[in-house]
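Q: Note that the protein sequences, when read in sequence, are chains U and F.
Here the first sequence is numbered in the numbering used here, starting from 48 and rising by one per residue.
Here the second sequence is numbered in the numbering used here, starting from 1075 and rising by one per residue.
Note that these hints are calculated values from the structure, not bench results.
Be aware that one or more of the hints could be misleading.
Partial pick of chain U residues on the chain F-facing surface, computed with a CB cut under 10 Å [what the hints assert, rightly or not]:
hint: 1; residue: L57
hint: 2; residue: V62
hint: 3; residue: I65
hint: 4; residue: V66
hint: 5; residue: L198
hint: 6; residue: Q249
hint: 7; residue: A257
hint: 8; residue: G259
hint: 9; residue: A263
hint: 10; residue: T264
hint: 11; residue: G288
hint: 12; residue: L331
Simulated DEER-style distance windows between Cβ atoms [as the list claims (entries may be wrong)]:
hint: 13; chain 1: U; residue 1: K258; chain 2: F; residue 2: S1089; range: 27 to 37 Å
hint: 14; chain 1: U; residue 1: F128; chain 2: F; residue 2: L1207; range: 53 to 63 Å
hint: 15; chain 1: F; residue 1: F1120; chain 2: U; residue 2: E262; range: 22 to 32 Å
hint: 16; chain 1: F; residue 1: D1205; chain 2: U; residue 2: W345; range: 32 to 42 Å
For every residue, glycine included, the Cβ atom is placed at its ideal position computed from N, Cα and C.
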Amino acid sequence: MLRYILFRCLQAVPVLLIVISFTFILVRAAPGGPFDSEKVVPPQILEILNERYHLDDPLHTQLSDYILNLIKGDLGPSFRFPGRSVNELILNGLPYTLELGLYAILFALFTGVLAGLLAASRPNSIQDYIPMSLAMTGICLPAFVLGPILLLIFSIWLEWFPVSGWGQFSNDKILPTITLGSAYSAYIARLTRGGMLEILSQDFIRTARAKGLSEATIVLKHGIKGGLIPVISFLGPAMAGLLSGSFVVESIFQIPGLGRFYIQAAFNRDYTMIMGTTIFFAFLIIFFNLLSDIVAAWLNPRIRYGSSN
Amino acid sequence: MERVIDIRQFERGRSLWQDAYTRLRRNKFALIGLVFLLCMIVLAVFADIISPYSYETQDLYLGATPPSTKHWLGTDTLGRDLFTRILYGGRVSLMVGFLATAVALIIGVTWGTVSGYMGGRIDNAMMRIVDILYALPFTIFIILLMVVFGQNIYLLFLAIGAVEWLTMARIIRGQVISIRNQDYIDAAISMGLSRFRIIFRHVLPNVLGPIIVYTTLTIPNVILLESFLSFLGLGIQPPQSSWGVLISSGVETIEEYPWLLIYPACVLSITLFSLNFLGDGLRDALDPRIAKD
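Just chain U, with the same shape it has in the complex:
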């Protein structure tokens, strides 16, 4: 197990290096400098700015400087907000995004696993068809369609929920959570159903049935451990989707989180900010992928012995 964890952590290092270099080169290759604006900046000032931000060093020195700073946890200064660092700006938005993501994934896990279990315990019955059609709907209604529609129905027509915001009213976190979580709930429901059906058809379940255990014990005690492995493996990649989904949800509901900030930085061409956030996102995604792989391996010995050699 330890060997597997070590192996997977080592594998993440080249990925991170690729992400960093690729982002760096891409941003540097961008047409137009970071200090382009409507006003013409005098050349002397431009020179001072370039020197201050080390933009006239050779490219490889800049890259290695950047990586060295990264190791220290420093993402550098923001180009658009003078005097503020990228770290500071990320930390401002992060709590909102994390909270939103956490609620969304909890919502998705709860409803998805429940729907999947219901469907798998009576396959090809009405108890299977209804949750699975709902899941299909969840997959075909992306967040940027579902969000505005929920907003229209529940906030504007019925006036049950506030139109925007996060944490100002007691119930303004519900719609964003559902919007972000529903697609993942749908995928989780499908994965749970598939995984449970496979497990429930195996011999040890038949043994459990023969011993006369109740259906609930069989499903919840013996089936669920193996049946949820696909869900666990899905959670890692789902994090990546949640992050990009949060861009949309934060802009629909006007939540001052990291995603909304990232899109703004993109429009402002705040290059250090884009670079810093991209690398930060990449780091998060790789970390969660790693985590979900390790948990899946812990639950299923076949995975860890299969790929570590």
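Since the structure of chain U is already known, use the hints to place chain F on it.
A: This is chain F only, laid out in the frame that chain U set:
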């Protein structure tokens, strides 16, 4: 009366494709999906013949009007006919869907076939590359690409295609390996056929089923990604229309003119439904062994 029995009907077996066609025809949802898609494609392709309006002609005196006999789905805040804009948007969205999927298909099938057929070290190296690329946060990279190089539609095809080929390559590789281990491939090798000929004559035709299925299931993902980017303002740019652009501008006026949001949202969702149903139906029809997940 003498009954004539046509002996030919016993001689000819049913091919895999005939079988699949029969199975697909029994699947109502898949058929409805197919019909809707064909209608949507025809509408999008002949948009300029069908609609008397242009997608960018503004009529500021008219402004936003609810659906009427003159403008079937109403007009947007600049007085542009919404029906027309949805059709032209469909043209862009479907084109991105098909072309980017084609990019993914070409790269993925080539990569997967070479990797699976060669095996050994080449396979190992090629799949390691796929593994590493898989771990990259691609959506964020696409956003970065669009920001850095401007909102260029051809770049969008390439960027989306470059993301979606990975899954395709993995699936094709698995299929190719299972076919490569069959006896008839050994027979073909021992008969001295060239690698090229074996791959094109004996391997690829047999993985056509999975290729078709996953192509159909990739298209909705691509359309979704394009709409997502356009929604954020990073994909297709107004006055050009795409479903993502329409939804995003619909959200801005959601309180006053809700139909500007509802119609494009419905069209996008129904298209996604159709493609997913058709893909699932094709999977059940072409590959009965693969269970539904």
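Q: Could you run down the list of hints and mark each one as holding or not?
A: Each hint tested on the structure:
1. L57: violated, 13 Å
2. V62: holds, 5 Å
3. I65: Holds, because the Cβ-Cβ distance from U/I65 to chain F comes to roughly 7 Å (cut-off 10 Å).
4. V66: Check passed: Cβ of U/V66 comes within 6 Å of chain F, closer than 10 Å.
5. L198: Holds. Min distance 7 Å.
6. Q249: violated, 15 Å
7. A257: violated, 25 Å
8. G259: Hint on U/G259: violated, closest Cβ of chain F at ~29 Å, above 10 Å.
9. A263: U/A263 check fails; min Cβ-Cβ to chain F is 25 Å, beyond 10 Å.
10. T264: violated, 26 Å
11. G288: holds, 8 Å
12. L331: Cβ of U/L331 sits 8 Å from chain F, so the hint holds.
13. U/K258 <-> F/S1089: 27 to 37 Å: violated, 49 Å
14. U/F128 <-> F/L1207: 53 to 63 Å: With a Cβ separation near 33 Å, U/F128 and F/L1207 fall outside 53 to 63 Å, so the hint is violated.
15. F/F1120 <-> U/E262: 22 to 32 Å: Roughly 56 Å apart at Cβ, these two residues miss the hinted range, so it is violated.
16. F/D1205 <-> U/W345: 32 to 42 Å: violated, 20 Å
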